[in-house]
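> Protein sequences, first through last, are from chains B and D.
In this text, residue positions in the first sequence follow the numbering used here: the first is 1, and each later residue adds one.
In this text, residue positions in the second sequence follow the numbering used here: the first is 1001, and each later residue adds one.
If you are wondering where the hints come from, they were derived from the structure by calculation, not from laboratory data.
Note that beta-carbon positions come from the ideal geometry of N, C-alpha and C, so glycine has one too.
Be aware that one or more of the hints could be misleading.
[What the hints assert, rightly or not] Here are the simulated distance ranges between beta carbons: (1) Ala-180/B with Glu-1026/D: 31 to 39 Å; (2) Val-194/B with Ser-1209/D: 19 to 27 Å; (3) Ala-178/B with Val-1196/D: 37 to 45 Å; (4) Asp-1062/D with Ala-64/B: 21 to 29 Å.
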Amino acid sequence: MTIAFTRLREALTTASVGNVDLPILIHRLRQAHPLPLAGAATQLATLGGDGDATTVAELAFEIASLSPAPQSIACALAAAKLERSAEVLAALALIRERCAEAVGAPIPVAVLVDATLLRVCRDVGAHWDATRIGEPERAEELARRLVQVLGLGIYKEKPETNAARIAALDPARAEDAARAAAVEQKIRASLPPV
Amino acid sequence: MSAAFPIEEAVAALARAAAASPTAPEGDAARHLTIARALDTLAAHGLSITPERFVVHAAVVDHASSSLDLLVAVLAESERCATAVIDRAKELAAAAHGLSTEAALAHAARAVLIEPATAIARYLPRDVVTLNDFRREELARAWMAAIEVPIECQGKLEAKERSARTLARLDYRKIRADEERLAIERKVLAEHAEAVREKQRIELEALASAQRE
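Next comes chain B alone, as it looks inside the complex (with noise of 0.2 Å):
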């Protein structure tokens, strides 16, 4: 079986179907509240397209054995009425059809499901949870890492701004820094005054 990884790695992060409004994006986040977890696997299953018992069934074992943080992260992405946007939709399907085509072979709605929306829940799930996702900065951070993954553009935004400002929402780079000053206002607090 020959796979075009490339092919296959561009197709799940440039889907290029449209520019979701950022805002709305982030607010419908910070409303979200949490479903239980069938409903968050019923509901992924649907933005996927296919409601299908088995899908359902693979996607709660899949959020089921994520740790708590992303769990609760998937949760909450799943009741934040993303099928509401077309955007998101469209480039849900263009990447399954990318994917179908770059590997030979029909990709299940869970796979894609797992490999896109649940990717972006255990990356940020390594920092915080859902409880902080009424946060601004945390419901802005998972909006853009949506954004990201999905290869959707974001209305009045140059493209190369979300990475940028992905990465400077980033609380592992601001806990990284925050403690880089500690350190040193420690080492400055040792020393004899000049």
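Got chain B sorted already, so can you dock chain D onto it with the hints?
Below, chain D without anything else, positioned relative to chain B:
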């Protein structure tokens, strides 16, 4: 319970793999080879995965920073290491009630290979793993901790607590934090020394000026 993972054998296999491929796999062909080798090795041990369920997740892995190719090499080269990991995958697949066999096997294969490689790469990048045996041992132990497989060290089954302590001692994050702290310390001390020198220069100039007057 899974067979124990022979740590010395794994570290030696990782060293050979790192020597044979000092840089990360680049390009389509190299990444395809890694995944094909993974699928072949899993299949040889009775875990046949439908490729499309595995490759989409494998494509998402950052092959440059993850040690996925090195982990796959360990499975391909060491029968005992492969047995321990694939036994664990079979346990995970058997516990996946309600899933089709195809989905359960793919889930298990990802859980023992792709997910640990991705998670470990966040703090222990591939280029660091190639540096020395301490980092290779950390990679092997972190991998086993992630998939909950016991470790065999010097022919003896290691207690879980001991494995956890050894892994904590090896933690590259602590080493990196120490290096960063030392760099900050050097910078602050250099700035302080410069400030002291500058003050002394000003005082000497003021003294010389006062003496001239």
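> Given a hinted range of 21 to 29 Å, is it respected by the beta-carbon distance of Asp-1062/D and Ala-64/B?
Hint holds: Cβ distance 26 Å, inside 21 to 29 Å.
> Is the hinted range of 31 to 39 Å satisfied by the C-beta distance from Ala-180/B to Glu-1026/D?
Holds, since Ala-180/B and Glu-1026/D (Cβ atoms, about 33 Å apart) stay within the stated range.
> Range hint 19 to 27 Å: satisfied by the CB atoms of Val-194/B and Ser-1209/D?
Since the Cβ atoms of Val-194/B and Ser-1209/D sit about 21 Å apart, the hinted range of 19 to 27 Å holds.
> Is the gap between the beta carbons of Ala-178/B and Val-1196/D within 37 to 45 Å?
violated (28 Å)
The structure shown violates just one earlier hint, number 3.
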